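S.K.: Now for the letters of each chain:
Protein chains: 4
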Amino acid sequence: MSKKDVKKVVLAYSGGLDTSIILKWLQDEYKAEVITFTADLGQGEEVEPARVKAIACGIKPENVFILDIKEEFVKDYVFPMFRANAIYEGEYLLGTSIARPLIAKKLIDIANETGADAVSHGATGKGNDQVRFEIGALALRPDIKVIAPWREWELNSRESLLEYARKHGIEIAQKHLDKDGNPAISPYSMDANLLHISYEGLHLENPSNEPEESMWLWTTPPELAPDEAEYLTLTYKNGDPIALNGEQMSPATLLEKLNQYGNKHGIGRVDIVENRYVGMKARGCYETPGGTIMLKAHRAIESICLDREAAHLKDELMPKYAKLIYQGYWFSPEREMLQAAIDATQKNVEGDVRVKLYKGNVMVVGRESVNSLYDDAYSTFEKDEVYNQKDAEGFIRLNALRFIIAGKNPNRK
Amino acid sequence: MSKKDVKKVVLAYSGGLDTSIILKWLQDEYKAEVITFTADLGQGEEVEPARVKAIACGIKPENVFILDIKEEFVKDYVFPMFRANAIYEGEYLLGTSIARPLIAKKLIDIANETGADAVSHGATGKGNDQVRFEIGALALRPDIKVIAPWREWELNSRESLLEYARKHGIEIAQKHLDKDGNPAISPYSMDANLLHISYEGLHLENPSNEPEESMWLWTTPPELAPDEAEYLTLTYKNGDPIALNGEQMSPATLLEKLNQYGNKHGIGRVDIVENRYVGMKARGCYETPGGTIMLKAHRAIESICLDREAAHLKDELMPKYAKLIYQGYWFSPEREMLQAAIDATQKNVEGDVRVKLYKGNVMVVGRESVNSLYDDAYSTFEKDEVYNQKDAEGFIRLNALRFIIAGKNPNRK
Amino acid sequence: MSKKDVKKVVLAYSGGLDTSIILKWLQDEYKAEVITFTADLGQGEEVEPARVKAIACGIKPENVFILDIKEEFVKDYVFPMFRANAIYEGEYLLGTSIARPLIAKKLIDIANETGADAVSHGATGKGNDQVRFEIGALALRPDIKVIAPWREWELNSRESLLEYARKHGIEIAQKHLDKDGNPAISPYSMDANLLHISYEGLHLENPSNEPEESMWLWTTPPELAPDEAEYLTLTYKNGDPIALNGEQMSPATLLEKLNQYGNKHGIGRVDIVENRYVGMKARGCYETPGGTIMLKAHRAIESICLDREAAHLKDELMPKYAKLIYQGYWFSPEREMLQAAIDATQKNVEGDVRVKLYKGNVMVVGRESVNSLYDDAYSTFEKDEVYNQKDAEGFIRLNALRFIIAGKNPNRK
Amino acid sequence: MSKKDVKKVVLAYSGGLDTSIILKWLQDEYKAEVITFTADLGQGEEVEPARVKAIACGIKPENVFILDIKEEFVKDYVFPMFRANAIYEGEYLLGTSIARPLIAKKLIDIANETGADAVSHGATGKGNDQVRFEIGALALRPDIKVIAPWREWELNSRESLLEYARKHGIEIAQKHLDKDGNPAISPYSMDANLLHISYEGLHLENPSNEPEESMWLWTTPPELAPDEAEYLTLTYKNGDPIALNGEQMSPATLLEKLNQYGNKHGIGRVDIVENRYVGMKARGCYETPGGTIMLKAHRAIESICLDREAAHLKDELMPKYAKLIYQGYWFSPEREMLQAAIDATQKNVEGDVRVKLYKGNVMVVGRESVNSLYDDAYSTFEKDEVYNQKDAEGFIRLNALRFIIAGKNPNRK
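In order, the protein sequence lines correspond to chains A, B, C and D. Just so we're aligned, residue 1 is where the first sequence starts under the UniProt record's numbering, counting upward by one. Just so we're aligned, residue 1 is where the second sequence starts under the UniProt record's numbering, counting upward by one. Just so we're aligned, residue 1 is where the third sequence starts under the UniProt record's numbering, counting upward by one. Just so we're aligned, residue 1 is where the fourth sequence starts under the UniProt record's numbering, counting upward by one.
Because the hints were derived from the structure by calculation, they are not lab data. Worth double-checking, as some hints may not be accurate.
Where chains are identical, the list cannot tell them apart; a pair therefore holds if satisfied intra-copy or between any two copies.
[To be verified] Heads up, simulated PhoX-like pairs for lysine-lysine below, C-alpha to C-alpha not over 25 Å straight-line: (1) Lys105 / Lys296; (2) Lys356 / Lys296; (3) Lys106 / Lys408; (4) Lys3 / Lys106; (5) Lys347 / Lys320; (6) Lys356 / Lys179; (7) Lys31 / Lys356; (8) Lys179 / Lys60; (9) Lys3 / Lys390; (10) Lys60 / Lys24; (11) Lys75 / Lys413; (12) Lys356 / Lys7; (13) Lys413 / Lys145; (14) Lys320 / Lys31; (15) Lys356 / Lys390; (16) Lys264 / Lys356; (17) Lys106 / Lys237; (18) Lys413 / Lys264; (19) Lys413 / Lys106.
Because the structure is a prediction, the values reported are computed rather than measured.
Could you build the full structure based on these sequences and the hints that come with them?
M.R.: And the structure:
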């Protein structure tokens, strides 16, 4: 599909500087009708201003789509991912990665609804997000045209963007809020949603530099967190958290509350160099306050509810699962295969986990479940009635048999 | 081999209550000559008293073997394992597991040297250690007779053991030292070496109980750790740490120093329910102060020195590698295969990692290497000369091609 | 549970020599009521004679259970396994392994129905089948007592068995049928069901001996198979074969027909040394005529219907899946996890495969499907409209980027 | 690097039509000095005519490189791959894939030697070979310019190529030889080397078409193969075959001989639909006569020499290893990791395998080794002295313990 064939484009529009420029640019370059989609994913900023800005840029009111998709996000994307205990490269909780497929899905839903033939996004040509958006979109609608302005235009520096904005009268506003809910003036390249906030660029581009304390927006510095620990109880059912301190709540509400606890106790900061899908390494800093608590708690409830080999198989499959999400393959048969395997283990993952939060630490201090596989009659050091220690001899002997046979052949190297 | 055929037994002898009883029991039941082996693995207690005790029990002086194997332990067991970033079930750093094969090896070395036909150990019939000792021993010498008194005798409770000790005049002493180097009176079932100390039993047998603060012997409670953070620099070469804050030191010395830092800052406590190899779940608490720092630091130096796919393959293989060590298969062809794969990646893992220690937290704050694969010319958000953003289009397009083709077939479910 | 507490035992009874001796022995040694279970799994021998024999041994008629479970066997065990393309150690199609869990299940069903407290089987203490029976039984009913006479009694050679049989007047009959349906006089240790027949022992115990042609009972020697090839069409739906040459038929009927074709054309012989779960290697020969055709055909229909990455993930998981079945873990959470992953891929595996059978060879010569992902518009060497060759440049460039960056650092080893 | 900056290009030149056109086109379009590289990889055609043709096209004699790299190919590429028992998608022995990295290496070696700044190849923009050539080249020399004419020019059909050839007076010759060594007139798209010959295109583009018998050039049709079976003995050392029927020979000689045997007996034909790296499925037919024999034989010698868990781990890693080779990642850290793991298992893989060849079948009929782990004292059905059947009880009991514990909790789903 060539430029002039594009009639209608759905743009993932945050209302921020970059996507405002894109909105303008799409109108100018493509002469296409632009539909904006702004999602409330819990990024901690108002989404309604995006409507005003879009209309101010000439978008028809009926072409402005603003959706609160926090519950869908947590229930259908975040929770399934946490069932897998997914971590990318040992550290990253995939906060940005997991939001992208949902945005891609909404872009396609809106395109289908409005008869649009293209979608557009503000991700650059050097990062992972372009891949996540576009693979998601193409998996859901193979004939969609994807417009990625950063790969097309000449505005390849912050400088030239600001220049373009000034020329076209586009407002340059701050969009992120800090941990106290105030607008944050941050020069980092950031992304936020209910699961996390990320930072890249500037000072961080040298991986031997420590992040400045002022960079972190969503968590209290551990040094300033309360001097007294706080305990939480998370209740799980079918592998998902359903209640906090005994109170049932919706997925998004629960994650929001966990974020508040995590923020208060300085929990969930990560500083890493990660491998991007497009081939280079990048430094990223992340705050995932509630997610960090959830990961610990989920592992803990699994520790008493999951069969050993199911747990180990989950651990062996996890890196691949996490990589698939990182690289944008949420809507793929292979992610669905792994999800089917993971979900098949969660029906007994049910019960309570107690965690202690203290200055950056999440410590599991108790877990219990009606489905528990832990039975102290078996593990006790005291005399028991249920386990015959002599069984261990045969167990060891046959497990060692291959070594015994090998050891008897003097020719073996 | 029947009881009466056993002529000489090498016993893994700690000098503590259980193995002192075993020493006596072996003499009584097997009428065999007993050789004691006591290892200094950095468990933080004196090993020489074991000599006195052994001789007091009638062991010939030349049959008392006391070896300081701390350097061998760290260099040939701990470090190779840390190259793999090994963690069992997401939490456990394998502190006990990794020491067992070395003890098994020494038992067999001494058996070969002294012409012994059997080895013996003090592990119970319900735990993992019996498997680790015996598989290790049989892998190294297939015809060795293994005597596991706990599986044979009738002394299956603490009560009956104490009774036996009293009857035979065996001294009941405390063997563990606390974080200040004083003898610790602890009723838990414990194991310690330079990498960690573990606790099981008692109060912990209910997994919903929080451990008592007094249980932890090797780390300052985070609440009492210094209010000021401390920074360390670890230097790596070939994947192993070789210097601390610029000072080169031997493997064991380095780990010992790291333990002191970790202790001071309350680092490395873990409280889990784990899956034993013999089939049941067990609650365990662990302190791995230096190891916890090393794991973070090793991942950080790898993050800039390792190729992406090598790093991912390591992550995929790691759970299996950790399981092998947990289950006692150090001396197995499959562990050697995985080690060969892991070690093949470490030749470029070299450079400095800076970490910040603060009240239970280890935070990586900087990493640099002459072998670094990080190049901000590629990752920067600013304009660059080296990367062509248009390449991403083809990359995405071909990666999505299978979805595009699938999406075009309307019959697909 | 001690010997004298056993009141009722369900015995897996083939009617052959070994289990007839066990039947007698259970009555003598355990003084328990014996219930016999004889399954028609398509082993190619009459099962009704087992009733006569059991009754002759004093079993009450209502305690004789004879069930035709061929359809359940193929539908719920064989077909799910073939969806995975399972092969153990590169060669073995798991013909014996897959039948054992179903027998275990039936033993437990009958035990529950009749109020029995024990089950018994005729597998020796050196093989895999004891593990498969017993793990299956214990997974389905944890308190069941399992009696494995071969591990208990003193009749540990063919000689002493025959002696015992003669003494107790037990008939020594041949149970296997050859490829023409005649009773086969075979001295090998054998097992058969609708999927395969196996041979062990004797001449085969030297792995450098070629099997005698007379050993093979179920397939025409390739040398004597028809000189003309024959073509078959297999139709798949949801990953399972549902029709042969256009004719729909039940699972067991379909497999039976495939066995006839395979037999006729000398297909499905395998001669291997395999690794038993209990630790030693064993030589086994197998004939799996229909299964060999099904495996080829299933891979072929998948080759056009399955997404690449789903197919590759299946291939990566397969060895573990096959090992689980071989080692007796059919009723395990980890097998169920893998099955869930495998089954999630099969909804589009539908269509026709044409194979050519000729003197031991199965050659796929055609495949088609309404769900096909094959599109010659993409793969053709001729000019096309759908694929932009220039996309490949970006694809390659970004896939190579990590090597390019590494190559630019002259310090890298 | 732009077109006009290219000064010298090394072209992978077969002497066939396509690369002759490329040779011409490079001279015309790039005005660059062209160096030709023609490899004798055992493709079964003369390589010297390429010299004549190249010189006829104006290439300086010193710029014509013709190398016999058959031994290097088999020893350093084919054999290491066969140690892994590599098969792609269950069927394809990777005959083309494994040759590409060696060609890439030679192109770079020659570029370094001659001061060339670019390399070029004749692979299209739709296939795997472009990826294999280019990733190989970039991994070995990151700054190399790669020219892929098929992605650049307009000659995108056989028609337009022939037109171009006629216009520039380029000879259109047949390059492949059939099984009797005669020039074959084949319209298929083919590739050949000592390991295999491949066919794509034309009639095959419909995956439901059976290949025409006349297509197959390298193997006797099974129907016309000898009516009598033939036996071979292959001798292995360190996992590689070193002798045939007792006669030691070089790697390439051995493979050549095996090809002759395979050809004679109609062995090694494969007909599949495979998944290309660039995203579409393609139909391919392959003849790998010697390789098919080697794969069977290698598995057989491993079956007695390899430890069970090492063998299983190899099987689990193999699909990934095969995929890496298929997709062009021979010179990657991840392939090297896997190779290190594989090679670590081969030191005991030594001994003789006897195979029977008959009309398309390769049947292993015997194997023996001084390093054998097979010991009939353990596996025999007769009474033995070395194995205690009672050990199996404890083995089973502890392996089932997790199911027993789970089964006792009535709340579990």
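S.K.: From the Cα coordinates, with 25 Å as the cut-off, is the pair Lys179 and Lys60 best called within, between, both, or neither?
M.R.: Classified as neither: same-chain Cα gap 35 Å, cross-chain 69 Å, threshold 25 Å.
S.K.: Is the C-alpha distance from Lys75 to Lys413 at most 25 Å within one copy, between copies, in both cases, or in neither?
M.R.: between (55 Å within a copy, 23 Å between copies)
S.K.: How do Lys413 and Lys264 come out at 25 Å by Cα distance, when the copy is not named: within, between, both, or neither?
M.R.: For Lys413 and Lys264, the Cα distance exceeds 25 Å both inside one copy (59 Å) and across copies (38 Å).
S.K.: Is it within a copy, between copies, both, or neither that the alpha carbon of Lys356 lies no farther than 25 Å from that of Lys7?
M.R.: Neither, since 55 Å and 53 Å both go past 25 Å.
S.K.: Check Lys356 against Lys296 for me: Cα-Cα at most 25 Å, and say if that holds within a copy, between copies, both or neither.
M.R.: both (11 Å within a copy, 22 Å between copies)
S.K.: My question is about Lys106 and Lys237: at a cut-off of 25 Å on alpha-carbon distance, are they close within one copy, between copies, both, or neither?
M.R.: neither (28 Å within a copy, 33 Å between copies)
S.K.: From the Cα coordinates, with 25 Å as the cut-off, is the pair Lys413 and Lys145 best called within, between, both, or neither?
M.R.: Classified as between: cross-chain Cα gap 23 Å, same-chain 61 Å, threshold 25 Å.
S.K.: For Lys3 vs Lys106, is the C-alpha pair at or below 25 Å within one copy, between two copies, both, or neither?
M.R.: The answer is within: 23 Å in one copy meets 25 Å, while 43 Å across copies does not.
S.K.: Within a copy, between copies, both or neither: which one fits Lys347 and Lys320 at a CA-CA cutoff of 25 Å?
M.R.: Answer is both: 22 Å inside a copy and 23 Å across each meet the 25 Å cutoff.
S.K.: When no copy is named, should Lys106 and Lys408 be tagged within, between, both, or neither for a Cα gap of at most 25 Å?
M.R.: between (65 Å within a copy, 20 Å between copies)
S.K.: At most 25 Å between alpha carbons: which applies to Lys413 and Lys106, within, between, both or neither?
M.R.: Between. Shortest inter-copy distance 21 Å satisfies the 25 Å Cα cut-off; intra-copy 61 Å does not.
S.K.: Could you place Lys60 and Lys24 in one of the four classes (within, between, both, neither) given a Cα distance threshold of 25 Å?
M.R.: Within one copy only: 14 Å inside, 57 Å across.
This entry does not satisfy hints 1, 7, 8, 12, 14, 15, 17, 18, going by the numbered hints stated previously.
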